[in-house]
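My request is simple: use the sequences and hints to build the entire structure.
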Amino acid sequence: MKPSMALALLAGSAGLFVATTVNSQDSQESEWWSPGDVHELPAQVDYANDSGVLRVLFTDEEVRTTQNAFFQPIGANGRACVSCHQPSDSMSLSAETARERWDATDGRDPIFAAVDGSNCPSMPQGERASHSLLLDYGLFRIERPWPPRDANGAPVETDFEIEVVRDPWGCNIGDRGPDAGNISVYRRPRPVANMKYLLAIGFPQDPKLGRPVPVDPRTGEPTSGNLLADRRALTLDAQMDDAGAAHLEMARAMTPQQRSEITQFLMSVYAAQQRDASGTELNANGAEGGPQYLADSPAGMLGAYGKRVWSEFEPWEQMSEEQLAELSEEEREYRASVARGARIFRDETFLITDSAGINFPTFGNPFRQACTMCHNMTNMGNDVAPGQIDLGTQNAPFADPAPHLPLFRVTCTGEPHPYYGTEILTHDPGFALTTGRCLDVGKITAQSLRGLAARAPYFSNGSAATLRDVVDFYDRRYNLQYTEQEKIDLVNMMGAL
Amino acid sequence: MKGLVLALAGMVASTAASAQEAQEVRFISCPVFRDVDNGKRGGCWLSTDPESGIRYDVTNNVYPPDWNHPVLVEGVANGEEQCGGVRLDPVRTSVLPGHCPRHMLPAEGYELERPTLPVRNVRPTSEERTVPDWPLTDRTMSIFFEFDSDFITFYHSDSMVDQMVTWLRAVEPKRIVITGYAVTEPAEVTGQVIAEKPEMAQRRAQLMFEVLRDYGIDPDIIETHWAYNPVAVPDDMWADGLAETSRRRVEISAEF
Chain X
189 MKPSMALALL AGSAGLFVAT TVNSQDSQES EWWSPGDVHE LPAQVDYAND SGVLRVLFTD
249 EEVRTTQNAF FQPIGANGRA CVSCHQPSDS MSLSAETARE RWDATDGRDP IFAAVDGSNC
309 PSMPQGERAS HSLLLDYGLF RIERPWPPRD ANGAPVETDF EIEVVRDPWG CNIGDRGPDA
369 GNISVYRRPR PVANMKYLLA IGFPQDPKLG RPVPVDPRTG EPTSGNLLAD RRALTLDAQM
429 DDAGAAHLEM ARAMTPQQRS EITQFLMSVY AAQQRDASGT ELNANGAEGG PQYLADSPAG
489 MLGAYGKRVW SEFEPWEQMS EEQLAELSEE EREYRASVAR GARIFRDETF LITDSAGINF
549 PTFGNPFRQA CTMCHNMTNM GNDVAPGQID LGTQNAPFAD PAPHLPLFRV TCTGEPHPYY
609 GTEILTHDPG FALTTGRCLD VGKITAQSLR GLAARAPYFS NGSAATLRDV VDFYDRRYNL
669 QYTEQEKIDL VNMMGAL
Chain F
46 MKGLVLALAG MVASTAASAQ EAQEVRFISC PVFRDVDNGK RGGCWLSTDP ESGIRYDVTN
106 NVYPPDWNHP VLVEGVANGE EQCGGVRLDP VRTSVLPGHC PRHMLPAEGY ELERPTLPVR
166 NVRPTSEERT VPDWPLTDRT MSIFFEFDSD FITFYHSDSM VDQMVTWLRA VEPKRIVITG
226 YAVTEPAEVT GQVIAEKPEM AQRRAQLMFE VLRDYGIDPD IIETHWAYNP VAVPDDMWAD
286 GLAETSRRRV EISAEF
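Just so you know, the sequences run in chain order X and F. The numbering of the first sequence is my numbering, which starts it at 189 and goes up by one. The numbering of the second sequence is my numbering, which starts it at 46 and goes up by one.
Read the hints as simulated data drawn from the structure, not as lab findings. Take these hints with a grain of salt, some might be off.
Heads up, simulated DMTMM-like pairs for lysine to aspartate or glutamate below, C-alpha to C-alpha not over 20 Å straight-line [claimed, not checked]:
id	chain 1	residue 1	chain 2	residue 2
1	X	Lys675	X	Glu519
2	X	Lys495	F	Glu172
3	X	Lys384	F	Glu172
A short, non-exhaustive set of chain X residues, derived as facing chain F with CB atoms under 8 Å [as the list claims (entries may be wrong)]:
id	residue
4	Thr550
5	Gly552
6	Pro606
7	Leu613
Virtual Cβ for every residue (Gly too), placed ideally from N, Cα, C.
As structure tokens, then:
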């Protein structure tokens, strides 16, 4: 154990480890969990961020970092799973943290490995510019086979062709790219906390595809289809195999023992914002914020059928005069704003148009609904059904200009796409890189909304630097015409998750 | 629905509707979305029969329209009104190729009843399934589709599939025979000749095979066939009495 960590642990009480309450250089550095570090897993650990404090719970007392492959550098490049799934970042990795690691290690931390921590392995690895996507947007390179392969490695029949329009980093031309049998796209690492919610199967059928939920080809068992942005891995085992080869550069597949250790750890981690910037506990006065509520609650519930999404904050709408009198003006306003934001999120409807996975083929075009149309799982805000949807974050004309990302032209060779027609310009074909279907171009799996304040930037391509940028994107995309106050309320509420 | 609006908007439609009570209609036209902006979900769908000029409300469809494309409307008018049109219920809308100008009407005072969960819905995985009380004899079940589609519709066919699979898993038949059908004989509707693509029969059969397999039913006991232009089965418990739409189906026969 590093000295700074030991001191911090001793300073805590009853297993509570508050990493950033001590403003020393040592304590800041102790936020970073390096592969192979020796940590005593506390029952909970708090990390400060701009919106307040993130709390991470480790609920399995038997997990030891020294004996769990999640924390060990089991591949060739010195990384462990924890390298890109940091507790302080709600088990993801923020661009800000990446920049801190660059500065602290002069770019030698394993997260900057050439294979995917640089814009392209062919670039000079010692230069910051070669890692600009990770440092500025929190993006790792994901190399997918082209044409797509199924779980057994067999080519998937496609109904579209793909050509490279723009390749800023040289990873989609020459000996890389579609002509060489692969496509490089750039994505944020998805948070691996609150895993029971991500694995939960809410319903036996996927209304977006009109079929049963996807079945794990190894076991024949149904799966949630919600793990990865493009649904290329259906189970934790498959995800671990994918990450072991692609991100850890393991020469051999993970052993069953390693997978078992990692699964044990992942199923025991819960993360959520616990406090706001003024110090308000997000589970005060009957509210149900924070990770403990997530650990104690069942997963996979559809908000429309039971406990409504973000109703955790309804008690703040019903506080007594006595309770309100105990709060500062700032606290009262903050709580009211969060509660309003929750209601806007689930009750303020708008016209959803031209969004594959929603308007086609299931719900009609247009369709009036709220944010909870897709972010519909109680307590978590991911999609109860497999959440592959095209909200326009990747495809023209809806996506924001992103000259730092590659741009592909997809030509549909069968049925045209219902909204884009025969040709689609996209930064990332997303789900289509798994299915081979033109209809799925630009679809990205909706993810958990917990711990957002700790893991900017947002969207799978990191195109929203802040939560306000997220709201503004949707405002443009769906002509929401939110008022300034509504935007503030939504940002406050999302920052409280 | 507000009384005043009902009176104004219903003048033409209600007269026509009363004359056509319980009459089955079939036509092709562009859909119009009415943005029922009263905090409810979804919205209303309207479509006007080009031959009669009657505007119908087709909101109770099982596969909603797309305002970019014409729809084949098949339903029964029962004399009621909704959203400024003669309400069709039951009704099916099938999205067809072709282009329509997008058109959206404001709410204009119209309201939908507060949405409730459709009777046909798939229950959450967490809820224990009730095995349908169907006799343990050879049985043929049908899953219905929209025109030229092999999509299992939400809040409708998915519920049928769920019940059927629950039963099949419980009773473990010796053999299951799947027969996919397509209606390929041409029919003239609103001056257009339409027919389903022949391959739709096989696609529907193949889809149902994959569905049963993915639900864990032994694929070795499943036989798959396809055929064309079957008789209508409007009396099937899931056909809602609609004759022509009942021909677009897959039959799943369980044999003991």
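_Please list, smallest to largest, the hint numbers that this structure does not respect._
Going through the list in order, the structure violates hint 7 alone and respects the others.
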